[in-house]
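Residue numbers (this note's numbering), protein chains in the order written: chain P, 1 to 248; chain E, 1 to 248; chain R, 1 to 248; chain Z, 1 to 248; chain V, 1 to 248; chain C, 1 to 248.
Quick caveat, the hints were computed from the structure, so don't treat them as lab data. Don't take every hint at face value.
Note: identical chains are not told apart, hence a pair may lie in one copy or across any two.
In the PhoX-like style, the derived pairs of lysine-lysine whose C-alpha atoms are separated by at most 25 angstroms in a straight line are [as the list claims (entries may be wrong)]:
1) Lys148 - Lys88
2) Lys218 - Lys37
3) Lys218 - Lys61
4) Lys13 - Lys29
5) Lys218 - Lys229
6) Lys148 - Lys240
7) Lys158 - Lys229
8) Lys29 - Lys200
Keep in mind that this is a model prediction, so the values were computed, not measured.
There are 6 protein chains.
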Amino acid sequence: MGSKKIIRTDGRKPDQIRPLAFVNSLQTKATGSVIMKMGQTVVNCSATVEKTVPSFLDPEKQGWLTCEYSMLPASGTTRVPREASRGKQSGRTMEIQRLIGRALRVTIDLKKIPGKTIWLDCDVIQADGGTRTASITGACVALRLAVKKLLQTKELTKDPLLDNVAAISLGIFRGTPLLDINYEEDSQADVDMNLVMTEKGRFVELQMSSEGNTFTRKEMDRLLALGHKGLHQLFLAQNKYLNSIING
Amino acid sequence: MGSKKIIRTDGRKPDQIRPLAFVNSLQTKATGSVIMKMGQTVVNCSATVEKTVPSFLDPEKQGWLTCEYSMLPASGTTRVPREASRGKQSGRTMEIQRLIGRALRVTIDLKKIPGKTIWLDCDVIQADGGTRTASITGACVALRLAVKKLLQTKELTKDPLLDNVAAISLGIFRGTPLLDINYEEDSQADVDMNLVMTEKGRFVELQMSSEGNTFTRKEMDRLLALGHKGLHQLFLAQNKYLNSIING
Amino acid sequence: MGSKKIIRTDGRKPDQIRPLAFVNSLQTKATGSVIMKMGQTVVNCSATVEKTVPSFLDPEKQGWLTCEYSMLPASGTTRVPREASRGKQSGRTMEIQRLIGRALRVTIDLKKIPGKTIWLDCDVIQADGGTRTASITGACVALRLAVKKLLQTKELTKDPLLDNVAAISLGIFRGTPLLDINYEEDSQADVDMNLVMTEKGRFVELQMSSEGNTFTRKEMDRLLALGHKGLHQLFLAQNKYLNSIING
Amino acid sequence: MGSKKIIRTDGRKPDQIRPLAFVNSLQTKATGSVIMKMGQTVVNCSATVEKTVPSFLDPEKQGWLTCEYSMLPASGTTRVPREASRGKQSGRTMEIQRLIGRALRVTIDLKKIPGKTIWLDCDVIQADGGTRTASITGACVALRLAVKKLLQTKELTKDPLLDNVAAISLGIFRGTPLLDINYEEDSQADVDMNLVMTEKGRFVELQMSSEGNTFTRKEMDRLLALGHKGLHQLFLAQNKYLNSIING
Amino acid sequence: MGSKKIIRTDGRKPDQIRPLAFVNSLQTKATGSVIMKMGQTVVNCSATVEKTVPSFLDPEKQGWLTCEYSMLPASGTTRVPREASRGKQSGRTMEIQRLIGRALRVTIDLKKIPGKTIWLDCDVIQADGGTRTASITGACVALRLAVKKLLQTKELTKDPLLDNVAAISLGIFRGTPLLDINYEEDSQADVDMNLVMTEKGRFVELQMSSEGNTFTRKEMDRLLALGHKGLHQLFLAQNKYLNSIING
Amino acid sequence: MGSKKIIRTDGRKPDQIRPLAFVNSLQTKATGSVIMKMGQTVVNCSATVEKTVPSFLDPEKQGWLTCEYSMLPASGTTRVPREASRGKQSGRTMEIQRLIGRALRVTIDLKKIPGKTIWLDCDVIQADGGTRTASITGACVALRLAVKKLLQTKELTKDPLLDNVAAISLGIFRGTPLLDINYEEDSQADVDMNLVMTEKGRFVELQMSSEGNTFTRKEMDRLLALGHKGLHQLFLAQNKYLNSIING
């Protein structure tokens with residue numbers, strides 16, 4: 001039952017990520033914005049700044065960073081009903097945007113953005129699996145672009161960034177661990193994992209769930225090893241894109 | 001008070017539209033999708049098909065076409081709060097999506113799509129004035145792309161399309177009629193007009209509103225003449241893009 | 001296809017408005033209130049004043065005027081579900097009340113009512129077509145009655161009123177332009193128009209929409225001419241009623 | 001401390017009801033509609049019929065009767081915010097419409113209106129105390145008018161009406177029992193009572209509440225006696241109005 | 001038709017209340033909390049204090065007391081849908097919590113808790129009829145426990161309590177008045193009554209409603225007499241429990 | 001920096017769980033219900049059965065199991081606002097109930113409960129950390145009690161249960177891994193973990209999140225080891241309680 005024999009629907013090897021690209025956003029006037037592509041998954045990630053903080057914080061002492069996530073109606077195979085017309089966000093949406101927010105707050109020293117809230121908005125243009133992890137990876141780039149601009153315009157005086165984050169989704173399908181699963185694989189997987197790490201190699205979030213089958217410690221270990229490999233490539237791509245912007 | 005003396009914020013002449021482009025959508029798997037750019041205004045327009053009709057219709061006899069409109073949070077100068085998290089759509093959003101729906105229903109024979117609903121979703125990526133008119137112009141292209149695909153896949157057997165529509169916004173600023181006003185012009189205009197016409201030259205919708213000043217019949221006539229000029233260019237661009245897709 | 005041959009359901013000529021009356025409101029304690037009857041259409045229009053302004057305004061510098069619209073459940077042929085129990089206002093309601101608000105704001109100098117908001121509430125008692133235009137015509141009378149009382153009680157020191165507005169709906173049915181269409185005509189019309197003008201003869205709002213058929217410039221011109229004729233009668237009736245109140 | 005010494009704000013004696021009138025509704029096309037006036041309190045009461053029943057009933061075996069209540073924004077001394085724009089009905093509104101519904105269901109044999117729901121809508125045009133009791137008294141008239149019409153049109157074949165109901169509000173102010181309290185009296189009363197009875201003299205609903213002071217059995221008895229007196233006048237007025245309609 | 005012949009479903013005599021108990025709450029850290037059992041009906045009643053008052057009150061001059069009521073999903077025979085996931089409270093819930101709030105406000109001098117709001121939360125663990133009256137009787141105990149603690153911790157300096165309240169539900173079934181009706185009896189009763197009184201013997205609230213049958217004055221009198229008897233037992237139990245806590 | 005030196009607020013050792021008890025529910029009529037106590041954390045867990053399935057399932061082929069979670073207002077140190085009156089569930093609530101649902105669905109063969117939905121309701125009576133994990137552990141017992149009853153009443157013919165689940169929360173505080181953290185520890189922890197496993201030793205869900213600090217693989221391993229230890233005790237307690245019920 002070796003992983004080598006598995007043929008993935010898009011021809012990839014089990015330990016291979018999908019073609020990956022950061023594309024210049026169409027939001028040319030935004031403080032920070034980028035389009036993250038991971039195979040057929042496409043997410044518009046943007047950062048905007050508001051000069052208020054939630055009421056539970058002291059604006060003199062710190063700022064805040066929060067996230068919202070949504071899917072465009074035509075992003076899926078069948079139309080995704082618009083949450084604004086349904087009048088509420090689904091539990092899935094809330095869970096995802098809470099995850100993205102937690103992940104990104106690790107990258108920033110909120111004491112260095114007093115009185116400000118940074119909103120990270122992840123709008124899924126097209127969904128083919130891994131939208132929450134692509135959102136994290138893309139939002140990190142949007143945040144860096146925004147901070148760069150805020151430093152240039154002197155709206156920030158100190159760089160608040162601490163580290164980069166990236167995220168990848170993985171799954172186990174018929175006993176074989178798969179890196180960067182797409183929608184079709186996700187819907188058939190027995191187990192899935194979302195792994196968020198910093199560029200410095202520390203864990204930010206690990207979520208591993210049974211989807212029809214429970215899992216063992218050994219399987220967890222194998223997925224973690226695959227995940228590390230994928231995240232390494234994501235950090236390279238983030239930095240390459242950011243360097244091209246800064247130098248271009 | 002001649003129109004020749006007005007210098008527009010972006011250097012255009014009063015009767016000049018902004019640079020205009022239809023760009024291939026990032027929604028590669030959608031039935032029909034296109035990005036409409038009109039200066040700094042960018043709208044993602046998509047068409048998806050559902051095999052149901054609203055309960056007030058007989059699915060044996062006809063289909064339906066409806067529209068939804070939304071702005072991405074980072075589309076504006078300041079963050080646009082997400083309507084899904086506020087829990088309801090604003091009056092402005094509802095008014096706009098009703099307008100787009102009425103405009104596009106003129107282009108299609110609903111009796112030729114029995115049992116089907118075509119959803120046109122217009123998501124504003126970046127807003128710089130004229131988002132509702134750009135949505136109409138772009139949605140018409142998305143609809144044509146979708147119908148083309150549905151005919152190819154035999155999901156439709158007869159072409160239901162009757163005509164093309166396009167729309168343009170205009171305004172009067174200090175007595176001078178301006179074609180294709182951007183956000184800054186719109187916010188200062190005394191009067192604004194939204195004009196929707198078919199390619200065959202018939203009127204679909206005319207809305208002209210006082211924004212701080214009332215207007216005369218003569219001013220209406222001058223805006224209509226300017227509007228015709230702008231719409232002509234939009235129809236050319238629509239057809240050129242569609243031909244490039246069909247032949248490319 | 002001459003208009004003379006058309007027989008309207010209620011026996012009117014194409015260029016004839018319905019019997020029209022302003023009736024003393026049953027809201028005897030209201031600041032300003034009137035019942036507007038236009039054929040079988042009956043709207044209760046009232047003006048109330050609150051000593052606050054929306055947060056986007058400086059209460060020292062100006063006031064505000066806003067409008068809400070609703071239909072009583074038994075106003076229609078079949079029961080109109082109450083929006084309060086459905087938990088939200090429909091898109092149609094929002095669109096109508098935005099229109100009424102824009103129209104009435106033209107009649108008042110908001111700088112002369114600093115710190116105050118005037119609410120115009122239009123509650124449709126019975127609906128037989130043209131409820132939004134009857135609401136505008138009636139709301140103008142309610143507003144004038146309220147301002148008169150506020151000047152008497154010294155709550156206002158300067159008269160803020162600039163002009164009167166009135167509105168009429170029109171349609172094209174089988175090629176014939178019809179003035180002041182009722183519900184049955186509206187539901188069969190190919191095109192409809194809502195026209196709002198000031199008593200001084202300036203345009204406030206023009207909305208012309210395809211309902212099953214597009215229209216030509218010539219048809220627009222003919223409807224505008226009919227509309228002018230109808231509005232003239234409405235302004236006469238407004239003034240006659242207001243004079244009877246003031247002198248009575 | 002006799003009740004004779006109390007001078008009521010409108011000059012009435014403690015055991016005197018306000019001037020009372022049933023006025024022809026402006027809803028000329030409604031199945032049943034009437035305007036109930038009780039002093040300055042004015043309520044539009046209407047009955048409409050829908051050919052469905054709630055899902056918990058068997059449409060073959062019985063029908064249903066339900067009620068909704070609302071206040072027009074200009075009905076009060078200060079503007080009453082519209083529940084449709086707030087997005088929900090208040091607890092007070094729900095409590096009142098549940099009371100009206102219970103009261104009116106006593107008057108009808110639901111088995112004789114199988115498959116039908118009668119909606120009683122009570123819209124307060126002007127509020128000066130006692131709106132819930134005026135709603136019940138008026139709704140009974142609207143229901144009778146509707147049943148009469150349904151029998152004439154053969155939509156009903158058997159008269160489902162069993163009895164009439166009427167209701168009155170009472171209060172105790174500084175120890176004196178007062179019949180038919182107005183808003184000012186209500187807001188100062190120590191105790192208030194709402195009494196609903198049938199014309200045949202049976203009790204339908206009795207609600208007596210402390211508003212700042214508790215009460216004794218003796219006080220209850222005195223209010224009940226006053227209430228009987230007031231209800232007698234209401235039943236006379238209901239019948240007189242209905243006779244005038246039937247014979248007129 | 002004597003009441004002696006009626007056999008109640010649980011074997012009680014018509015004038016007999018169900019086994020009654022106050023049980024120590026599982027909310028060991030709450031300011032005041034108790035579990036009220038009345039037969040199979042079980043309600044968790046708690047009192048919590050917030051250092052704010054509603055905006056319509058002056059926090060210097062008085063405090064407030066308010067109540068909320070809810071049913072746990074498994075409290076009923078069939079699952080009671082959770083109001084939080086339905087997105088709104090039902091009319092029944094609102095009516096009940098308004099009743100409980102009115103009843104409990106009679107027991108306290110709000111001027112002696114300036115700037116504070118006491119929340120009484122009644123969560124029905126198991127429902128077998130009489131949940132609203134059990135909530136009142138239990139909330140009175142929770143309130144007393146809370147006030148005792150607030151006096152001990154010096155958060156209150158004066159005892160604000162004026163009197164105790166308790167409540168009982170009654171019904172008439174086939175002509176026989178029944179004390180303390182359970183769910184099965186309630187659903188078959190022709191008439192029901194909720195009676196709230198103070199320990200000093202004054203009336204706080206009396207609600208008597210037709211449920212399928214109207215009622216007479218004589219029936220009301222008989223229910224009141226039964227109610228007095230039941231309330232006497234409830235006040236004894238309240239005091240016995242409170243004494244056991246204070247002395248235990 | 002050994003864990004031995006840490007003194008926990010309640011005197012426990014780092015690897016020690018809180019006193020744990022399953023208590024007979026007050027919902028004596030429920031299909032399955034139990035109160036789970038874990039230190040000061042108290043959760044009422046109940047299972048109810050409905051004879052429908054969600055529309056995305058075929059009732060002939062399978063059933064469903066779903067979960068809802070809520071906190072009683074007086075469960076916290078300060079009052080937890082009731083989600084039913086706020087009109088929506090928070091993101092935290094949705095995330096938790098989705099987690100509990102996923103965890104419990106692992107324990108049941110849904111094909112053996114065709115046409116039925118089992119609702120697991122977890123209502124937090126008192127919250128002192130670990131409410132979501134206590135909910136899972138308690139819901140497993142409630143589910144077993146319900147299945148037992150359904151088999152006895154022949155509503156189920158085959159036992160659908162596959163395994164038991166239990167869950168525990170852990171944290172890292174100043175470098176020391178702590179088992180079964182309470183609220184105070186949770187609010188100060190740098191990292192927290194929720195671990196769900198089956199009695200057979202397989203993983204169901206692992207969530208590990210940075211709360212102010214990222215973490216290493218070594219720290220994850222130490223928490224997992226502690227977690228195994230704690231879960232062992234939970235499974236013993238579950239079985240002991242269930243045996244006492246079955247044999248008692």
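Right, here's what the structure says about each hint:
| no. | hint | in the structure |
| --- | --- | --- |
| 1 | Lys148 - Lys88 | neither (34 angstroms within a copy, 34 angstroms between copies) |
| 2 | Lys218 - Lys37 | neither (31 angstroms within a copy, 33 angstroms between copies) |
| 3 | Lys218 - Lys61 | neither (45 angstroms within a copy, 34 angstroms between copies) |
| 4 | Lys13 - Lys29 | between (40 angstroms within a copy, 23 angstroms between copies) |
| 5 | Lys218 - Lys229 | both (17 angstroms within a copy, 18 angstroms between copies) |
| 6 | Lys148 - Lys240 | within (16 angstroms within a copy, 40 angstroms between copies) |
| 7 | Lys158 - Lys229 | neither (33 angstroms within a copy, 46 angstroms between copies) |
| 8 | Lys29 - Lys200 | neither (31 angstroms within a copy, 36 angstroms between copies) |
In this structure, the earlier hints numbered 1, 2, 3, 7 and 8 are contradicted, and the remaining ones agree with it.
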